[in-house]
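Asks: For the sequence shown, the tail end lands on 642 under this note's numbering, and the numbers increase by one without skipping.
For the record, the hints were derived by calculation from the structure and aren't laboratory data.
Be aware that one or more of the hints could be misleading.
Stated by the list, open to error - Computed beta-carbon distance windows for the label pairs:
| no. | residue 1 | residue 2 | range |
| --- | --- | --- | --- |
| 1 | 640 | 620 | 25 to 35 Å |
| 2 | 630 | 604 | 43 to 53 Å |
| 3 | 603 | 626 | 20 to 30 Å |
| 4 | 606 | 641 | 44 to 54 Å |
| 5 | 634 | 604 | 34 to 44 Å |
| 6 | 639 | 606 | 37 to 47 Å |
| 7 | 606 | 626 | 43 to 53 Å |
| 8 | 641 | 607 | 44 to 54 Å |
No residue lacks a Cβ here, since even glycine has one placed at the ideal position from N, Cα and C.
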Amino acid sequence: MTSPGPGSAHHLPDPGPVRAVRPDGPPHNERGTRMALDHLARLVEERNPPTD
Numbered sequence: 591m592t593s594p595g596p597g598s599a600h601h602l603p604d605p606g607p608v609r610a611v612r613p614d615g616p617p618h619n620e621r622g623t624r625m626a627l628d629h630l631a632r633l634v635e636e637r638n639p640p641t642d
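Use the sequences and the hints to build the structure in full.
Replies: Right, here's the structure in full:
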């Protein structure tokens, strides 16, 4: 078995402790998450058009 290459996760720096909840407001990636969900919803509608 070969050792992991430079692109593997083993070479990433340790992110340190991660706080699950930020008391100072919504997580910084909330907008990106909403955009991703909207994009997925659009893809689903394209593949499965609503049957009204």
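Asks: Now tell me if each hint is right for this structure.
Replies: We went through each hint and held it up to the structure:
no.: 1; hint: 640 <-> 620: 25 to 35 Å; in the structure: 27 Å, holds
no.: 2; hint: 630 <-> 604: 43 to 53 Å; in the structure: 31 Å, violated
no.: 3; hint: 603 <-> 626: 20 to 30 Å; in the structure: 25 Å, holds
no.: 4; hint: 606 <-> 641: 44 to 54 Å; in the structure: 49 Å, holds
no.: 5; hint: 634 <-> 604: 34 to 44 Å; in the structure: 37 Å, holds
no.: 6; hint: 639 <-> 606: 37 to 47 Å; in the structure: 46 Å, holds
no.: 7; hint: 606 <-> 626: 43 to 53 Å; in the structure: 25 Å, violated
no.: 8; hint: 641 <-> 607: 44 to 54 Å; in the structure: 48 Å, holds
Going through the hint list in order, the structure does not satisfy hints 2, 7.
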